[in-house]
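**Student:** Here the structure of chain V is known, so what remains is to put chain U with the ligands in place on it, guided by the hints.
Chain order of the listed sequences is V and U. The numbers in the first sequence follow this note's numbering, run straight up by one, and end at 247. The numbers in the second sequence follow this note's numbering, run straight up by one, and end at 571.
The hints are simulated quantities; they were obtained by calculation from the structure and are not laboratory data. Among the hints, a few may not be true.
Stated by the list, open to error - Straight-line alpha carbon distances no greater than 27 Å define the calculated DSS-like cross-link-like pairs of lysine-lysine that follow:
| id | chain 1 | residue 1 | chain 2 | residue 2 |
| --- | --- | --- | --- | --- |
| 1 | V | K226 | U | K411 |
| 2 | U | K337 | U | K411 |
| 3 | U | K386 | V | K75 |
| 4 | U | K565 | V | K226 |
| 5 | V | K226 | U | K263 |
| 6 | U | K263 | U | K460 |
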Amino acid sequence: MKILVCISQVPDTTTKIAFSDNDTRFVSQGVTYIINPYDEWYALVRALELKEAGLATAVHMVTVGKADAEPVIRKALALGGDEAIRIDADSNDTYLVAAQIAEYAKTVGYDLVLCGKESIDYNNGSVGAMIAELLDMNYLGFAAKLDIAGGVATVVREIEGGEETDTAALPLVISCQKGMAEARIPNMRGIMAARTRPLKVVAPANIAALTTIVSYEMPPAKTGVKMVSADNMDELVSLLHNQAKVI
Amino acid sequence: MSVLVLVEHTQGVFKKKSLEAIQYAAHIARDMGTTVTAVATGNVAAAEMQSLGAYGANKVLHTTDARLDNFNSRAYTKVMVAAAQKESAKVIVGLHDTVGKAVSPRLAARLNAGLVAGAVGYPDLSKGFVVKKNVFSGKAFANINITSDVKVITLMPNTFAVVKGEGSATVENLDVALSDADFSVKVVSVSKATGDVPLSEAELVVSGGRGMKGPENWHVLEALAKELGAATACSRPVADSHWRPHNEHVGQTGGTIRPNLYIAVGISGAIQHLAGVNGSKTIVVINKDPEAPFFKAADYGVLGDAMEVIPRLTEAVKKYKAAQ
Ligand SMILES: Cc1cc2nc3c(=O)[nH]c(=O)nc-3n(C[C@H](O)[C@H](O)[C@H](O)COP(=O)(O)OP(=O)(O)OC[C@H]3O[C@@H](n4cnc5c(N)ncnc54)[C@H](O)[C@@H]3O)c2cc1C
Ligand SMILES: Nc1ncnc2c1ncn2[C@@H]1O[C@H](COP(=O)(O)O)[C@@H](O)[C@H]1O
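Bound conformation, chain V alone (with noise of 0.2 Å):
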């Protein structure tokens, strides 16, 4: 069994977003970047530990960016895993992504996909579905838990106000979310290992993004904080329903 993880390289969490040039781009200047922490902790985890438990042959990662997205797939390699391929293609439209990942699996033959639930940049949760389409396999999302026995993928995963456990043949597409595995830490050895390790380059295929990002904007600034006295509840409740009319 063949395994590919799909890695998206996002800002840390903690990253003061900024935008410039009329607020038409995104500061990356003095940004971390990071592996997107559902991809990482579950998506990569659970692959490597399918594979510890001998039921991967391989572990491979894809991610799709420019020559700034390597520093993150290399930190992906010293987690584990066998191969890293970056596709050298702009990351900003979800069918372009998908579309790039789709066309390299099709070359290679992967008996799993795996990604994230949703990037933390862009918060589409789209691309998995989106490969499941373009390779014409089945999809689950959102999955928590992830067994495989002769070809068949037990998965638990969260649907609205609940779970369900589903079973399905491979090939499969799954996007992964909490509960999949424990996050690891990359250790010296592992670090050292992907520094070595080759990363495929791969020349993207000839697609055509179907969305551009005309503007960014800030939320509007919240006004400050009105307390209310912790003997007046009352009081909070009038203003929830005659101020901000929620209740």
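**Tutor:** What follows is chain U with the ligands alone, placed relative to chain V:
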């Protein structure tokens, strides 16, 4: 040319967020000079489908294949493709929920359509087809132009208030050829919390953090939630310590919610927590530490001990409701 919407129901009653999606589609259809067609699956009465007219649907395409009762993204995508072809749809609206996040991207890929996932505004047609969405986990918005001929949008639930109008929709049968291969995912079991409002849909949410001290104190929060008709949520350490179930955990690594009212009790307001809740319309913070960062993100704040403040608030809500 109509605007297409996939609608969801619970045991034959359309969900409020689906009515919101229809209303949203109707706004787009008005701007484009066209009509709205809703697509419904499964067992729903004709009168319920006709009633979607009051929210702006002109027509409902109904497909009854019983296998669709278990959600499956492949089969649902086929249904939507068939509907899109029948209606020559150029714009297709879904919800940014577990169903929409699985179907809409598949549909977009199939139709070679650009996708904006998690829209929080109406498309601006004056400069193309520009849709606003949340980015950076609620820290900013992006305005995205969809440049393809067919366009797919998922709407963030609870973005617009639902207003019932007049009108009745016509209902038509939609035949879709589905094969067993479209249903090759087998659902082994489903466990749902019954009776409660699902957190992702709740308009009011009461949430507790480590400041609640232990699971034995949660009945106080639950009493407030019950009085308000609110769902309950929690911070990550609370779920990690098994004080509360994991599906209640909100934040960067948990759920993202946008209720009208979020009451945070004994939660410090770490940035990773805020990432899941800062889309809430009104935030109330109850904390005993005046320096708690959450106060900076709050609309209303109460400085005090949770175990004293919450019962008083519950009483005040009770009094208010009795006076209504
Ligand atoms: C990568 C990453 C991802 C994370 N993801 C998430 C996430 O998704 N969701 C999340 O919530 N956290 C997340 N965290 C953790 C986050 O950084 C905080 O540690 C966490 O939110 C703190 O939880 P808390 O506010 O409940 O607890 P604390 O930080 O311990 O705060 C408790 C608060 O309760 C107050 N308090 C104490 N006693 C009382 C009392 N009697 N009455 C009233 N107030 C009282 C205190 O003043 C304090 O403000 C993440 C962290 C990292 C590094
Ligand atoms: N540029 C990218 N390269 C590789 N994988 C990606 C990229 N962007 C997103 N993904 C994967 O798709 C998942 C969902 O991302 P999104 O649809 O952008 O929210 C992420 O968790 C990643 O696993």
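**Student:** All the hints need checking, so say for each whether the structure fits it.
**Tutor:** Checked hints:
no.	hint	result
1	V:K226 / U:K411	violated, 34 Å
2	U:K337 / U:K411	holds, 26 Å
3	U:K386 / V:K75	holds, 26 Å
4	U:K565 / V:K226	holds, 23 Å
5	V:K226 / U:K263	violated, 31 Å
6	U:K263 / U:K460	violated, 36 Å
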